[in-house]
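2 protein chains.
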Amino acid sequence: MGEQQEAKQSGGKGDTRVEPGMVRFELLHEDASGTKARRGRLHTPHGPVETPIFMPVGTVGSVKGVGPDDLLTLDAQIILGNTYHLMLRPGEALVGELGGLHRFVSWNRPMLTDSGGFQVFSLSGKRKITEEGAAFQSHLDGARHFLTPERSIDIQETLGADVIMAFDECPPSTEDRAYLEASLARTTRWLHRCVKAWSRERSSLFGIVQGGLHEDLRKRHAEEVCAVDLPGYALGGYSVGEAPEAMHDGVAYSAPLLPRDKPRYLMGVGTPVDLVTCVEHGVDMFDCVLPTRCARNGLLFTSEGKVVIRNAAYARDSRPVDPACTCYTCRNFSRAYLRHLFAAQELLAMRLNTIHNLHYFLGLMAEVRRAVAEDRFATFAREFRARAKAQEAERTRGR
Amino acid sequence: MGEQQEAKQSGGKGDTRVEPGMVRFELLHEDASGTKARRGRLHTPHGPVETPIFMPVGTVGSVKGVGPDDLLTLDAQIILGNTYHLMLRPGEALVGELGGLHRFVSWNRPMLTDSGGFQVFSLSGKRKITEEGAAFQSHLDGARHFLTPERSIDIQETLGADVIMAFDECPPSTEDRAYLEASLARTTRWLHRCVKAWSRERSSLFGIVQGGLHEDLRKRHAEEVCAVDLPGYALGGYSVGEAPEAMHDGVAYSAPLLPRDKPRYLMGVGTPVDLVTCVEHGVDMFDCVLPTRCARNGLLFTSEGKVVIRNAAYARDSRPVDPACTCYTCRNFSRAYLRHLFAAQELLAMRLNTIHNLHYFLGLMAEVRRAVAEDRFATFAREFRARAKAQEAERTRGR
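First to last, the protein sequences are chains A and B. Residue 1 is where the first sequence starts when you use this note's numbering, and the numbers rise one by one after that. Residue 1 is where the second sequence starts when you use this note's numbering, and the numbers rise one by one after that.
Bound conformation, chain A alone (with noise of 0.2 Å):
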């Protein structure tokens, strides 16, 4: 029996368009010019994925202003599907049905979907939490819900992605130490429940390491995270609020803690300075809705800073937007053109901005792992942070 074969057969649920198997990771070379940097592979079903490396939102099953052609364009290796959304509209049953995640939004390439847990955190208000699980009420109807470990894996394996996540709890930062510890040791006791749960037919499982920015905490739940021998380990529970330097300072002490020979994904980050940042502390994939929220905003990441499209002195400047970038937007645009699209709200604004700060956010990690392969990562980082700071400097003067 043929590899294709056996992959239509082992499946069952979902896109069978697939090798078999769990995703593999490659730890190609660390950096030598003193970071804890360091550039490897995820093997999986879907293809390989060069790390570190950004994964775009595709929060209700579209990477919202771009098409996937967008995507392939921008050689976008990976993106992200969410639980929540997905499970409330249009249901995972659905999307099973229809020959899972990767065929029902045409993307062939590899996928992640989180767990549905720090959506479902986020509701405050409307949800409540027991050892069993999370009851929550939708966002979109109020109906009212159980999501669980095992239901979590359920209907992330029905999803079918590359990578999946573990249930867990990410308590907000404001909760004293005794509820951390608490929430901590229910995380631990709901990984071994996904762990059961999960089939291991074609969805490679991560666990979440949590603990806010208790040094202690963090340390401790690695250790019984990491106890549980699975294909990568994430941090969870950071930039949910905290300053920046916060977050950079407890990445620096979590990374280290991951298994060296695992993908270490931080999740929900951020903004170019802290991606770079936290590859320099040992971090190797990352997803935040940032580039693509800020593109339907208007706001633009460029090699000299950031341009807000909308300011009237792009008016009649017949620059790209950023003369260095080789995107589609940049090869075919001008920044007065983008501004008037944005003015008159034409939905091509969005796309183009999207493409744009895509690209950029993209672009980057690609410089990154050049600069990790060839042991001139610490060079790279410091002088990208000094030309951040000075960009924005320069940028908050000007208003």
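Watch out, some of these pointers could steer you wrong.
Have a look at the derived ranges for each label pair, beta carbon to beta carbon [said to hold, decoys possible]:
#1 B:75 x A:97: 42 to 52 Å
#2 B:319 x A:122: 33 to 43 Å
#3 A:306 x B:385: 54 to 64 Å
#4 A:97 x B:245: 37 to 47 Å
#5 A:382 x B:126: 58 to 68 Å
#6 B:395 x A:313: 35 to 45 Å
#7 A:123 x B:331: 51 to 61 Å
Covered by chain B, according to a simulated footprint, are these stretches of chain A (three or more residues, beta-carbon under 8 Å) [what the hints assert, rightly or not]:
#8 343-356
#9 361-373
Quick caveat, the hints were computed from the structure, so don't treat them as lab data. Every residue, glycine too, gets a C-beta built ideally from N, C-alpha and C.
Model the placement of chain B on the given structure of chain A, informed by the hints.
Coordinates of chain B only, in the frame set by chain A:
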């Protein structure tokens, strides 16, 4: 001096990457199956347009929902821009400064601009017409503007489209005959002022015949307008509220009033049946917001009839919108996914729907051209209408 250099020096205003000179219509073939349908080619400074043609509308400098890349993939041959919208925002001077409309919107194929007349006269309460021109208030900010034949031509020449339109009045069909006669006489005087203002440098002026649903007024006005030797002629004042049959009857006697050796443009029309029927009466060019507007409302045109994509019937439908269609949307996505995107109000829904509808309209015109070339247009048109009627009856029953 080479042609390139001449082109650069002759224009002054707008895009210069063009062949110099006026548009020229080549009548390739007349249907021999008993209709007045014609197969032609409009040569323009930005390349040829095969007729009969449908022209997507790019009101404020973007065909809503898609980018120039999509339009090239769809092989759209010519697109429209709106003088009224562009004069208000971003203003024609800005577009001219930035190299003209072609360069501003990054479209290197032919373009046509309307004169602003139709939009101004649609602002019923907010405009006043005199012999000199039309005073109106902007729908954006209430600012007062005055549009005259001379100003409309100046704006259009600054935008620099390949085809520009005479400034006319499009009186409501409810006006009495005395008003209509006075209006037509004024539109003729305005045409002479347009011709006088026209530089003939690189934009070709088309005249517009009005006259509502009055055969004698149409005839008289066509004589007056066609007495002016112009590169093309249009029929205005159709599809402004009358029944489709009344419009078809009107076009049947009006289109043959226009010169045989010049392109005939029916403004603001129409549905697929309108296009086929009016080609039968001898029309060469059409524009309408129908395919793009319907796409944004989730109404899709297919070879099997109309599909209202939000319908619950499509929730689990894994088929493409139109199994016979080869567009990007139909090659990659299911009805279930398109319904989901539409329900979730994802931006991608607008783009995928628009790509599909434009593909349908442009593909229909390609079929029309083949049928005319092969002297089987009478049969084609009859069968097309019969099928459309049966499909619509089926759809209405299914509600």
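A quick look at each hint next to the structure:
1. B:75 x A:97: 42 to 52 Å: violated, 35 Å
2. B:319 x A:122: 33 to 43 Å: holds, 37 Å
3. A:306 x B:385: 54 to 64 Å: holds, 56 Å
4. A:97 x B:245: 37 to 47 Å: Holds, at about 45 Å.
5. A:382 x B:126: 58 to 68 Å: holds, 60 Å
6. B:395 x A:313: 35 to 45 Å: violated, 51 Å
7. A:123 x B:331: 51 to 61 Å: violated, 38 Å
8. 343-356: This one holds; 8 residues, not fewer than the three required, reach chain B with a Cβ under 8 Å.
9. 361-373: violated (count 0)
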